[in-house]
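Chains as they are written, first to last, in our numbering: chain A, 1 to 646; chain B, 1001 to 1492; chain C, 2001 to 2103; chain D, 3001 to 3466.
Warning: the hint list may mix true and false statements.
Covered, in the sense of this in silico footprint (three residues per stretch, anywhere, with C-beta under 8 Å from a C-beta of chain B), are these stretches of chain A [stated by the list, open to error]: (1) 211–223; (2) 308–319.
Think about it this way: if two alpha-carbon atoms lie no more than 30 Å apart in a straight line, the pair counts; the simulated BS3-like pairs of lysine-lysine are [said to hold, decoys possible]: (3) K3146(D) with K622(A); (4) K1110(B) with K3392(D); (5) K3438(D) with K616(A); (6) K1198(B) with K3392(D); (7) K170(A) with K1110(B); (8) K1365(B) with K118(A); (9) K3423(D) with K1107(B); (10) K1107(B) with K3146(D); (11) K1447(B) with K30(A).
It should be emphasised that the hints constitute simulated quantities derived from the structure, not laboratory data.
Just so we're clear, the structure is a prediction, and the values are computed from it rather than from any experiment.
C-beta atoms are modelled at their ideal positions from N, C-alpha and C, and glycine is treated no differently.
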Amino acid sequence: MPNVTAIALIPLLPLAGFLLLGLFGRKYLKNSSGIIGTVLLLASTILALYTAYEYFFVYGKVAGVYEKFVPLQLTWLQFSPGVSIDMGLIIDPISVMMLVVVTFISLMVHIYSLGYLKGEERFPTYYSFLGLFTFSMLGLVLASNIFQIYIFWELVGVSSFLLIGYYYDKPSAVAACKKAFIVTRFADLGFLIGILILSFSGGTLDFSTLIERLTSPETNEFKAAAASTFLGASALTWGAALVFVGGAGKSAMFPLHIWLPDAMEGPTPVSALIHAATMVVAGVFLVARLFPIFSVAVPGVLEIIGWVGAISAIVAAIIACTQTDIKRVLAYSTMSQIGYMMFALGVSKYGGESGLGYTASMFHLFTHAMFKALLFLGAGAVIHYVHSNDMKDMGGLRKLLPITHITFLIACLAIAGVPPFAGFFSKEEILLAAYNNNMAIYWIALITSGITAFYMFRLYFNIFWSKELPSYTKATKGKEGGFVMMLPLVLLAIGAAAAGFIPFGEFVSSDGTVLHSHFDLTFSAAPVILGLAGIFTALWLYKKQNDKPAKLATSLGGIYKMAYNKFYIDEIYLFITKNVLFNLIGRPAAWFDKNIVDGLMNLIGNITQSISEGIKKVQSGKVQQYAIYFLGGVIVLAVLFIYIWK
Amino acid sequence: MNLLLLIGLPLLTAVAVLLSRNKEQVKWISLLGSMAQLALAFMLFFIFRNERATGNVTQMLFEQNYPLFSSLNINFHFGVDGISVAMILLTSFVVVAGVLVSWNIEKMTKEFYFLLLLLGMGAYGFFISLDLFILFFFLEISVIPKYLLIGIWGSGRKEYSANKLALMLMGGSALILVGILGLYFAAGRSFDIMELSKATVSLSYQHILFPLLFVGFGVFTALFPLHTWVPDGHSSAPTAGSMFLAGISMKLGGYGCLRVATYLLPEGAKEFANIIIILSAIAILYGAFATMMQKDLKYINAYSSVSHVGFSLLGIGMLTQTAITGALMQMVSHGLMTALFFAVIGMIYDRTHTRMVGEMGGLMKKLPFISSVFFIVGLCSLGLPGLSGFVAEMTIFMGSWENTDAFHRIATIAAAMSIVVTAVYILRAIGNTVMGPIRNESYLSLKDAAWNERLAAIILVVGILAIGIAPGWLNDLLRPAAEEIMNRIAGN
Amino acid sequence: MQPGLYHILFLSAALFFIGVYGFLTRRNLITMLMSIELILNSVNLNFIAFNKYLWPNQMDGLFFTLFIIAIAAAEAAVAIAIIINLYRSHNSIDVENAEDLKY
Amino acid sequence: MNEFFTLMKSELVVTAIIFLLLFIKISKGIQHSSLLSLIQVLLLINFIAGFFFNKSGGLFGDMYQTSPLIVFQKNILSLAVYLISLLCTDWLKKTEHLPEFFMLMLSALLGMFFMISSGNLLIFYLSLELASIPVAAMANFDLSKKRSSEGAMKMILSSAFSSGILLFGISLIYGITGTLSFAAIPQLLDGSTLQIMAFIFLLSAFAFKLSIVPFHLWTADVYEGSPIATTSFLSVVSKGAIAFVLMTALYKVFAPMQDVWYTMLVILAIITMVIGNLFAIRQQNIKRFLAFSSIAQVGFILVGISSGSEIGITAVVYFVLIYTFSNLAAFGVAAVIAEQTGKENIDDYKGLYKTNPFLCWILALALFSLAGIPPTAGFFGKLFLITAGATKGSYTFITIAALNMIISLYYYLRVIRAAFMDKNDNPISTIKLNASVKLAMIICGAGILLVGLLSWVYDYIHSLSL
């Protein structure tokens, strides 16, 4: 059986780190904070690996199926009998897989940051935020309750906010962290309402019970939820769709992706951890977590998910081709890859062979975490070296940064889907799943994989080949980052190279059964050839500095410009927020309050004053007029009471 | 436990303050007194829990009943249920924090603390009263302190704001007065809440009296569109004054809306629930949008208070047990949060001498403690899990969703939309003040929080975290009490 | 012809209104005082007439009249004293000169 | 004979004091300041004497009636007179004609005592005149001041005019019923047109004395012109006495016409409150300001009176007691300031707190009490008046009354704001308070704070009024 203490400690150790460093770091642990954080996380990682081992190889498999365990469930907030927010731990294939991914990547980032952020003033703060993030992310993946996942969902959001805004005195960082938080918050609104709908329909917030009730058409809950409709869709559809909106926001799916490129304002290791490997895949994880509901109860929503994923994948890939900020390229690539995971889920079905998409998605999540973290950390090493994010300031770095170069290349090959690197295997499965279910998505995915290879190698060549910048020599710039920065690169490179050989379907599948992956060379040919084509195009264009890319850009004209400007989605958002939210709603509301509501109150006051001023003449000082009023009073009373009311 | 201690102790402290000889004495007596109140509130809390744990399910505990104006059947009737205990805890937190942040008041120190303590006493008395007359007495008793606190120690257009506040609250009181008199005569000459809760008031009376009472108390708790005293009053008040106003006084209104209007006039509540919902949904969104355009930190918090308090009214209007529990949680949470917010604003203002968001920036560099607290309170305001605001809002949403018709659903969604807008304005405020580059060179020489400010902030942060991290205790406290109210509404 | 109750009441009503009219229109304070005397006298007439025609058994009306006359004298005394004092400071007994206190 | 002394002891004590003063005046034997102390002691004795030998009964064929409640009402008035004698020490010391002033004041008080006790329209009329003519003379007591004589002139003329109207009403009642006795009249009333007419005449005279709108116009001018001692006497003692009598008249004499007078009172109460408040908003002179405020307060008293039951009586008596403390405290502060600095405008009070915190707190207590804010007794007083008014179940009326409290709060706060908040470079300098003034203010302050909280006061009055 699961070891509760061990599992609970996995998230709690980083939390301890957060508290310790957050409260005392600034004053007392200025220098040792990095070590403390890293050691705690190392312990966490070991526990995670132990848990994974125990689960997959010792107790997890019951009668050939990986069971779901909920070893701990504490009531956190009781709403009504049966409906409560619980703090629990769920142990099933995906959560265990995520545990490993999160702790491992986080550990890498912790180690890497020891070198990358050395000497920073807010070093302890940084590590405490990392701790907070890791805790939240682990809490998210272990959540046994839909509200618990929401709680940690928000917490990762805020940790992401804090880490993006780590350089708080940089206006662009402040703007980026605000944007990231607000956009995801907007999506979370959907998530929240989705939770309300689902939990009300299911009469519970607990995942297992919820899934149980909402996937079998016999239960009363299912019937009621399916029967109540709003705008032509059932409550269940709305709930599931809104939950997906939340996932899409966090996973930067089109059109809620605009925060992700900006989020690159954060320190690069943070981008590697949060905005590449872990947090951004939370949306995928969420859909996977609720997959039975999506696939059984609301297949329509699943189709939407597929399309959103596919569109995101290709749009991001196209934009990535035009960007010059290396982190932004990686950001769009992340978005594109998450699009893959998302549509893989979208084309999947529940159970058995047809659940291939699910397995593929998770597999891709896993491999992507490795190579994308590697890419970011590599990019970080480059940035650390040249102090710039822009491709224009780079070139010919392969000699100066040999380890970085090799590991980066491995990662590029992995993401381009070149066998036998990790990306090949997972992408292969995804394409297969799409091929089996939705040809349109398959074609999009195929094209995207070609573009992916192209822009990744555009990046690679631009950084490491292209022009030789005379100012960059060992003498002027020194060596590449130290051991602590190189170790994670190497470890991740090993992962990126070898992770594909893990028989992932054996461990993770939609219903817990074993899913054997089979290779079909004929099927693999197309994507591999496309990928190689992309690589060679990039080689032709970018190996040496020349004017071919510029010519190509001009010949593409409008399309290039649109892609370069990210299809103007940012501008649309800006227009909406600035003109609609601020000018059309906020300003009138403030004006209304100041002038109408408040004005009304003041008006009452002023009217009283002016009446008071107006009637002062009554008190004329003339005693005879007083007598007239006296008589008038008598007469009026007499008339009223004798002639009118008598 | 003798509840009269809760009135006696603040009164004694206030008198001791009046008799003390110098400023130091005044401050220390106030601090000790308020600490003692805090201890007392905790004692009450634990004794109350203990009683409940041992199976005492009487609705009101520690009841005391002395005849006061016996010819009018007015009694000094006290007792507490979970709601009162929670509110008393809140009050004691805010009082201590308020005393602490006012440590450097130079002008008329004695009077300041005297009024502050009097204000606290009024709140305690209000929350333990079970007689409408006494309740009204304690509600009104705070008018003088509020007016003087703003008018004498305030800033900006203080006279205008003080006047507006006093007059609008008086307007609310006038309606409440008529309402309770109506109840008094409709239920056979009794002001006693426990008796009235068993009395049957005819439908037509309920339909007249409920709006009077609800709107009356609503003015106190910034019911749209009668909230206009909030921005001006809060922004002009001295720091502790704003804390008390938003942290305690506004809660008096919410408590009254629930305990008096809704509980005693259930049919009226049902009749007008939809209007309450509409008004509070408007207040939530409209307050949030209006906040977005504010440039003064105090105005930001004041308008956001309108928005947040809207949640508690929304919860009441939803008339489900969970929603009402959530409404009460929101009151407690908002009380702590907004008090902390004002405290932080005060601390910043004391240093930078400006409250304009546009003039600050990068305070994090020199004021890490204050800035961190600002972060915490901002995040609490936008409903971050782990902090109190989240718990309360989610409970309200969950409760609201129990109403299945489209109207309630749409209102809930509208209210939920505010969490995005809240994020916008809170992050704007945070981004422009504590983050960003330092815009004023002189800020480089600022000193971080002093011990009293730290203590005040920590006390309130602990409160916020205690609710945010482990809401169970508050839930256990409020839910049974909310159930009693729901039983009455449901007609059992 | 013996005058009946209504004749006297008519007379007293007329006297009353003459008094009121005088009080409202005369500017001289003494004249205003005299107008009040007219009002009081109309009341006196009323009392006497009621006593004589309606309730001849008791003397209430007559006594009341006597008291009114006495009080009127006292009132006039105080009023004239005040008017004299007013004359000292205002050098006039015109009511229109004493309108400082207003609004 | 023994009964004569016990039943009429209030009046007899006052008469004795008047004569004593007369002798002193004639003999010219006592120095000015010690005379004042003597008078204060005598008035205190008068007040204390009110607590002994309280019995119910009637004299002179029930033309004179008394009961513990009536004695209590008289005690309130005696207390008020005593407090006035203390509060206005500064002014009284300067007056040349000190004994005369008190003779006049006590005569008026005597008139009021008789008026409260009257059981017959004749006595009522006589005592009413006795209660008003000396006051006119008192109003003129600042002999050298133009305004004083103008005020006195306005008072005596309008008062004579209203007496004329009153008498006309009484003569009609007499014509209708043939009796003047309070006990006999109600049985003979049936609400005919002529009776209503007579009642309106009578009520207008009451309204005049009580300053009910629109019969109130003399009030402000007279208050402003008169010396503050007179003003406070007028606003507290006269008002209280008339309010008590009005209740007797309405509840006993005109009981059969309750429907008529209830509606009338409602109308009059509403316009009185509204107009009084609206006028008060604008005032600058503190005496004039208090005049209008007291008009508004009378509106509230009418709310209580309109209930027509013992709740109303209790509430009104209780309120008058509180009103005595509150209004006298306010007038006391005004008197001290006016006498020592010659300043009577609200704007002059700016920055007063800096120099005279004690006066400011007394003023604040008084004004908050008048505004009806707890913990002051005024809160209870007003609340019980409104409660009494609510017994008839007209919520519109009660709501209007309650809303009027907002306006009244506004102008009371104006004064408080001036005293506590407004800055002034040249505030009124620190005033040295006479011991007796201070004593009176402390009594008032204690009264304001305690009468409300000590609920047995109310219950006691209630037991009397049953």
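Right, here's what the structure says about each hint:
1. Check result for the region 211–223 of chain A against chain B: violated, 0 residues qualifying (beta carbon to beta carbon below 8 Å, three or more required).
2. Residues of the region 308–319 of chain A lying with their CB closer than 8 Å to a CB of chain B number 0, which falls below the three-residue condition for coverage.
3. At most 30 Å may separate the alpha-carbon atoms for a hinted pair to count; K3146(D) and K622(A) meet this at roughly 15 Å.
4. A distance of roughly 46 Å separates the Cα atoms of K1110(B) and K3392(D); the hinted pair therefore is violated under the 30 Å criterion.
5. For the hint pairing K3438(D) with K616(A), the CA-to-CA distance comes to about 36 Å; that exceeds 30 Å, so the pair is violated.
6. This hinted pair checks out: K1198(B) and K3392(D) have alpha carbons roughly 24 Å apart, not beyond 30 Å.
7. At roughly 45 Å between alpha-carbon atoms, K170(A) and K1110(B) are farther apart than 30 Å, so this suggested pair is violated.
8. The suggested pairing of K1365(B) with K118(A) holds, with an alpha-carbon distance near 19 Å, which does not exceed 30 Å.
9. Distance restraint check for K3423(D) and K1107(B): the Cα-Cα separation of roughly 13 Å lies within the 30 Å cut-off, and the hinted pair is therefore satisfied.
10. For the given pair, K1107(B) sits about 44 Å from K3146(D) by alpha-carbon distance, which is inconsistent with the 30 Å threshold.
11. Proposed proximity of K1447(B) and K30(A) is supported: the alpha carbons are some 20 Å apart, at most 30 Å.
Comparing the model with each numbered hint stated earlier shows that hints 1, 2, 4, 5, 7 and 10 do not hold.
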